[in-house]
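S.K.: Produce the entire structure from the sequences given, and follow the hints as far as they go.
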Amino acid sequence: ETGVTQTPRHLVMGMTNKKSLKCEQHLGHNAMYWYKQSAKKPLELMFVYSLEERVENNSVPSRFSPECPNSSHLFLHLHTLQPEDSALYLCASSQGTSGGTYEQYFGPGTRLTVT
Amino acid sequence: LAKTTQPISMDSYEGQEVNITCSHNNIATNDYITWYQQFPSQGPRFIIQGYKTKVTNEVASLFIPADRKSSTLSLPRVSLSDTAVYYCLAPFGNEKLTFGTGTRLTIIP
Chain A
1 ETGVTQTPRH LVMGMTNKKS LKCEQHLGHN AMYWYKQSAK KPLELMFVYS LEERVENNSV
61 PSRFSPECPN SSHLFLHLHT LQPEDSALYL CASSQGTSGG TYEQYFGPGT RLTVT
Chain B
116 LAKTTQPISM DSYEGQEVNI TCSHNNIATN DYITWYQQFP SQGPRFIIQG YKTKVTNEVA
176 SLFIPADRKS STLSLPRVSL SDTAVYYCLA PFGNEKLTFG TGTRLTIIP
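Here the protein sequences come in this chain order: A and B. Position 27 (the first sequence) corresponds to 27 in this note's numbering; numbering is contiguous. Quick note: to get this note's numbering, add 115 to the position in the second sequence (first position is 1).
Note that these hints are calculated values from the structure, not bench results. A hint or two may mislead.
Unchecked claim - Restraint-style ranges between C-beta atoms, simulated for each label pair: (1) Ser124(B) / Glu103(A): 39 to 45 Å; (2) Arg111(A) / Asp126(B): 23 to 29 Å; (3) Glu84(A) / Lys184(B): 35 to 41 Å.
All C-beta atoms in this analysis are idealised placements derived from N, C-alpha and C, irrespective of residue type, glycine included.
M.R.: Here it is, written out as structure tokens:
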């Protein structure tokens with residue numbers, strides 16, 4: 001596999017379920033990101049990890065819990081979600097976190113539906 | 116953060132050249148201008164980045180005037196597959212990328 005991969009591609013979960021999204025990058029990058037994109041809205045940056053350390057958390061509710069066990073893997077653990085959390089969740093990676101310098105590579109996303 | 120403003124939507128016919136202009140009046144000295152492309156239900160993809168004058172790659176050209184308060188993404192001879200949302204970004208220094216609403220480009224057969 002090359003680039004940034006995400007699994008699953010589609011997920012339907014109830015509000016009481018616990019699930020996890022997985023992201024893997026095969027680019028040797030040091031930074032990884034989670035974004036949320038709701039219908040007809042701009043991408044919202046959720047979390048940023050640099051060298052496995054969380055460097056940014058953009059006021060995301062605690063029902064979203066990220067985990068970065070190493071520089072190639074990033075997880076987003078989900079529990080007790082709300083219907084308004086239904087969205088496309090995108091993972092990205094880059095060599096560094098300076099937005100103006102480093103190109104971000106995005107995965108295909110996970111389409112999440114909360115029922 | 117250098118605020119960017121770009122048209123919400125544009126239509127063009129196949130085979131035409133498309134120019135999307137972005138204004139960034141408060142761009143800082145060290146900011147680069149970066150463009151991403153996003154197809155429906157996919158993540159954005161880097162297209163081109165520039166600092167001044169003109170940059171060209173196999174996909175697009177980017178024109179930046181001397182005052183750097185605006186930039187123009189030029190897509191030569193567009194096809195239906197160029198229908199997408201195009202984002203203009205000018206992150207300040209070490210700031211993270213902030214995606215706005217972008218320009219929704221629709222190519223008409």
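S.K.: For each hint, tell me whether it holds in the structure or not.
M.R.: Each hint, compared with the structure:
Separated by about 26 Å at the C-beta atoms, Ser124(B) and Glu103(A) break the suggested range of 39 to 45 Å. For the pair Arg111(A) and Asp126(B), the beta carbons lie near 27 Å from each other, so the given range of 23 to 29 Å is met. Evaluation of the 35 to 41 Å hint for Glu84(A) and Lys184(B) yields a pass: the beta carbon distance comes to about 38 Å.
Hint check: a violation occurs at hint 1 only; the rest are consistent with the structure.
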